[in-house]
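Protein chains: 2
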Amino acid sequence: MTENNPPSSYEAAGVSIERGDEATDLMRASVEATHGPEVIPNPRGFAGLYALSGLREPVLASTIDGVGTKVLVAGSVGRYDTLGADIVNHCANDVLASGATPLVFVDYVASGRLDPATVAEVVRGAAEACEALGISLVGGETAEMPGLYAGSDLDIVGACMGACERGDVVTGEGVTAGDVVIGLPSSGLHTNGYTLARKVVEDAGLSYEDVAGGLSKTVGEAYLEPHRAYVREVSALRRSVRVRGMAHITGGGLPGNLPRALGGKGARLYEGAWEEPAVFGLIRNLGDVPEDEMRRVFNVGVGFCVVVKAEDAEMAIGVLRDAGCEAKRIGEVVEGGGVEFAPGP
Amino acid sequence: MTENNPPSSYEAAGVSIERGDEATDLMRASVEATHGPEVIPNPRGFAGLYALSGLREPVLASTIDGVGTKVLVAGSVGRYDTLGADIVNHCANDVLASGATPLVFVDYVASGRLDPATVAEVVRGAAEACEALGISLVGGETAEMPGLYAGSDLDIVGACMGACERGDVVTGEGVTAGDVVIGLPSSGLHTNGYTLARKVVEDAGLSYEDVAGGLSKTVGEAYLEPHRAYVREVSALRRSVRVRGMAHITGGGLPGNLPRALGGKGARLYEGAWEEPAVFGLIRNLGDVPEDEMRRVFNVGVGFCVVVKAEDAEMAIGVLRDAGCEAKRIGEVVEGGGVEFAPGP
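These protein sequence lines map, in sequence, to chains A and B. Heads up, the first sequence is in the numbering used here, so the first residue is 151 and it goes up one at a time. Heads up, the second sequence is in the numbering used here, so the first residue is 151 and it goes up one at a time.
Just so you know, the hints here were simulated from the structure itself, not pulled from any lab data. For glycine and all other residues, C-beta sits at the position ideal for the given N, C-alpha and C. Accuracy of the hints is not assured; some may be wrong.
[Stated by the list, open to error] Quick look at which bits of chain B chain A covers, simulated, 3 or more residues with Cβ under 8 angstroms:
(1) 202-212
(2) 251-265
(3) 284-291
(4) 356-363
[What the hints assert, rightly or not] Some chain B residues flagged as far from chain A (calculated, every beta-carbon gap over 10 angstroms):
(5) 219
(6) 232
(7) 244
(8) 278
(9) 382
(10) 410
(11) 461
(12) 491
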């Protein structure tokens, strides 16, 4: 839907971009750079087309998500170029956690009053993130909805589809007590917990321009650090090691998300076994936030978990590190559900 | 993202629904009713899984869209049960227009303050629409974003993925002057033009409770009439007749959308060759809206177009009518681009 404007300049698929300004030209080039030979040209079409090949028993994995109130931080700072990477990487990690390879992405940007340059900034960021992950950006929609969004506030939603062989689906089935939980470091808040994160800054009377509490950059920069993707490193891992469960640590933190990868089992996580980006310390101290709330609201430094058999753990960590990811053994699978935090072994 | 709440009760995929109230139980049952054997159980997973089979050269078709400010009409009337069908049918028609069969759907509902009953009402409506079309609802996300949305205002976004054989993709290639444009009737405004439609009602001092200007129902009921899906009838058509182009008539109306199906050709549409739901007459008269604006903003009675060779037109119309769709020959393909409106032959 594009209300009573002509069809959006960046209409679903094949990616018709009609606005002539410079930002849009950059956006168009970025989007087209994500199109390999799998993308079937459909420039004014109603859906983005992607030729799937090489799979005997293909399973499609689909997910949709938004960047949440991280957009309000972006608005305060006046910088929208990282939000595209946030939504692409968030969605790609969700597809990845199911065992599939993310292949195509479509985005939705809605605002009370669409600023073409801002939309182009968001879409260009999404396209660059897609390109980095080998994902084709095949469609998008911009919606101008005065009355629903205040002024230039915007919401950013993305959907990602991937595929894999049926035998490569990972659901946590087969996870066994004694398996090892490997944590992949987050880059910061990713896209979760911004309601609390913003409140802490506001209550403390801080500005996003300030450099505070152990940060080497401004609060705004730390808060806008893009959501990290794990596609390259986890794909490398899966070529070498059998992975039994995977969790993307989003809203709900480790206690809310890790059990989703454990097929009914639970986990004991070793306190202090991983490093935390400084932004979490800032929030904890500034807001005097209790530790269990920190853990339920934020990823506290672990953005993604993989679960492997104990005898595979060392090799898995080696492969992940070779792929440039400072993976750590952060816990073990135990009987029963839930997540407990305990001193390391 | 689910902010600092625990993971949403209706989290991406496999469809984990944890709230226990009655509305949610109904929602769960509706969502599960859309799951055939193709859906791979992944109840707490991060992505919805669907086994694709039967295609030698599969092409995936992806689209994303929102219901726009139709949500504000729903809010005024206090009725959200039709919005799910709106977003499902809108997205499904987009996939359909590319030549693919819609297979899976994921939804995103965002609000300043999520009312579980309202979310359940929306999702239940989406699930019922999916079920009617043979689409599996494999995931969803609810986002609570105080500060971005006012109070209980909400935005509803959906993404639909479909697939077809590569040879069944329809892009408008091969459309030739002299081909026939067949119009499939819309049910009303579908999901476009609500900014103007709402303004007309407001400026006239009408209430959505009023029965006005030729309507047999209230203005609110007419405005909320669900977006019609064309999946069943067009699928039947394609089993019998070769379709050269298809257009879903959304924002931009016939002039904005029909050319997208014509591979560079244009169309002459016959004035008066189709019927208009009464709601368009109401808006035209009440708002004194010029005809060309009506045609650019609204579907004016044609929700979907198919383009066939002249010699196939009669059979195509017959098949569509047998499938329960009052299809009409509404125009012809001409050289040059664009759409002109002219007296019929």
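>> Under 8 angstroms between beta-carbons, do enough residues of the segment 284-291 of chain B, three at least, approach chain A for the coverage claim to hold?
In response: Since three or more residues must qualify, the claim that chain A covers the segment 284-291 of chain B holds, with 4 doing so at under 8 angstroms.
> For residue 244(B), is the shortest beta carbon distance to chain A beyond 10 angstroms?
Replying inline: violated, 4 angstroms
>> Does residue 382(B) clear chain A by more than 10 angstroms, comparing its Cβ with all Cβ atoms of that chain?
In response: Since the minimum Cβ distance to chain A is about 18 angstroms, residue 382(B) lies beyond 10 angstroms and the statement holds.
> With a Cβ-Cβ cutoff of 8 angstroms, does the segment 251-265 of chain B contain at least three residues near chain A?
Replying inline: Since 6 is at least three, the answer is holds.
> When you look at the beta carbon of residue 410(B), is every beta carbon of chain A farther off than 10 angstroms?
Replying inline: violated, 4 angstroms
> Are three or more residues of the segment 356-363 of chain B within 8 angstroms, CB to CB, of chain A?
Replying inline: violated (count 0)
> Does residue 219(B) sit more than 10 angstroms from chain A, CB to CB?
Replying inline: Residue 219(B) is in fact no farther than 10 angstroms from some Cβ atom of chain A, at 5 angstroms.
> So is residue 491(B) really clear of chain A, every C-beta pair being over 10 angstroms apart?
Replying inline: holds, 17 angstroms
>> Is the listed coverage of the segment 202-212 of chain B by chain A valid when you require three or more residues with a beta carbon under 8 angstroms from a beta carbon of that chain?
In response: holds (count 8)
>> Verify this label for me: residue 278(B) is non-interface relative to chain A, using a Cβ-Cβ cutoff of 10 angstroms.
In response: Fine: 19 angstroms to the nearest Cβ keeps residue 278(B) off the interface.
> Would residue 232(B) pass as off the interface with chain A, using Cβ distances and a cut of 10 angstroms?
Replying inline: Residue 232(B) clear of chain A: closest Cβ-Cβ about 15 angstroms, beyond 10 angstroms.
> Is it correct that the beta-carbon of residue 461(B) has no partner in chain A closer than or equal to 10 angstroms?
Replying inline: holds, 26 angstroms
Violated hints, in rising order: 4, 5, 7, 10; the structure is consistent with all others.
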